[in-house]
Amino acid sequence: MIARVRSTLAVLSLALVGLSVIGEEVSAGEVAAPQATDLVKPYLPDSLSLDGKVVYVDFWASWCVPCRQSFPWIEEQYDLYHKRGFEVVAVNVDTDHEAALKFLEATMATFPVIFDSTGSIAEQLGLQAMPTSYLYGRDGRLVSEHLGFRPEETDSLESVIFQLLEERTSE
Amino acid sequence: MKQLRLIAGLALAMFAVAGLSGCATMGPQVWERDVLSKPEMQMDGAVQDRAIDDHIYFSKEASSGGRSFGGGGCGCN
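If you read the sequences in order, they're chains A and B.
Everything in the first sequence is counted per numbering that gives the first Met the number 0, starting at 0 for the first residue and increasing by one.
Everything in the second sequence is counted per numbering that gives the first Met the number 0, starting at 0 for the first residue and increasing by one.
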């Protein structure tokens, strides 16, 4: 009797261990973490290339108050530095497309916006906050990741963007 | 009998531990909080009522504050 209970328990514990393996999404030997620039590329028009540019990928939603605060600043940076090789890709994660369009109309953003209403890009990057932004250098390396938006941090962020724009790709 | 009880206890503990993994992911992801961030989803949605209540607490009971945490539910604070 006890032997049967014991074997049942063994099978059960093995099954439980098996379940935990299913829960684990990261497996050994997996390639490097996905980059926002790579994930947004398929959504961009062919005429828009990110190669050799300083790229700012910003995840936003119409219901997110700090996102609303961040848009005028992003627009300002885009206006100032776009001609020097600064590109912005704003990724909208609204499920309500109308709300997103209304937000864009109100903010009058001129930089490229793509729509990730299913959250598939956000999920692949494992966003921890809204907004989240990623800043990439001309060589495509991730320079910084920002969670949320704080007006007091914009000066330092702008100086980083400025420095990155000064860097030439020396290949 | 004692051994059987021990095994049963172990099994129970194992299930309890396995159950904990159910708490690993809680609630919607940060990009899924659109509905939660709506005013009507706040714990204290009616602004007028809240102001009147607050005034009563403040003037009659000399207390203030202690309401639910404010914010848009965007997970950025």
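Calculated directly from the structure, the hints in this document are not laboratory data.
There could be a bad hint or two in this list.
If you only want the chain A side, here are some residues facing chain B, beta carbon under 7 Å, derived [claimed, not checked]:
no., residue
1, P44
2, W62
3, V92
4, T94
5, A121
6, L126
7, A128
8, M129
Virtual Cβ for every residue (Gly too), placed ideally from N, Cα, C.
Outcome of the hint check:
Interface hint at A:P44: violated, since its Cβ lies 23 Å from the closest Cβ of chain B, which is beyond the 7 Å cut-off. For A:W62, the shortest C-beta to C-beta distance to chain B is roughly 4 Å, which falls under 7 Å, so the interface hint holds. Hint status for A:V92 relative to chain B: holds, with the closest Cβ pair at about 4 Å, below 7 Å. About 6 Å separates the beta-carbon of A:T94 from the nearest beta-carbon of chain B, less than 7 Å, and the hint is met.
For A:A121, the interface hint holds, since its Cβ comes within 7 Å of a Cβ in chain B; the closest pair sits about 4 Å apart. Hint on A:L126 holds. Least Cβ distance to chain B is approximately 5 Å, under the 7 Å limit. The beta carbon of A:A128 comes within 5 Å of a beta carbon in chain B, closer than 7 Å, and the hint placing it at the interface holds. Hint on A:M129 holds. Least Cβ distance to chain B is approximately 4 Å, under the 7 Å limit.
When held up to the earlier numbered hints, the structure conflicts with hint 1 and nothing else.
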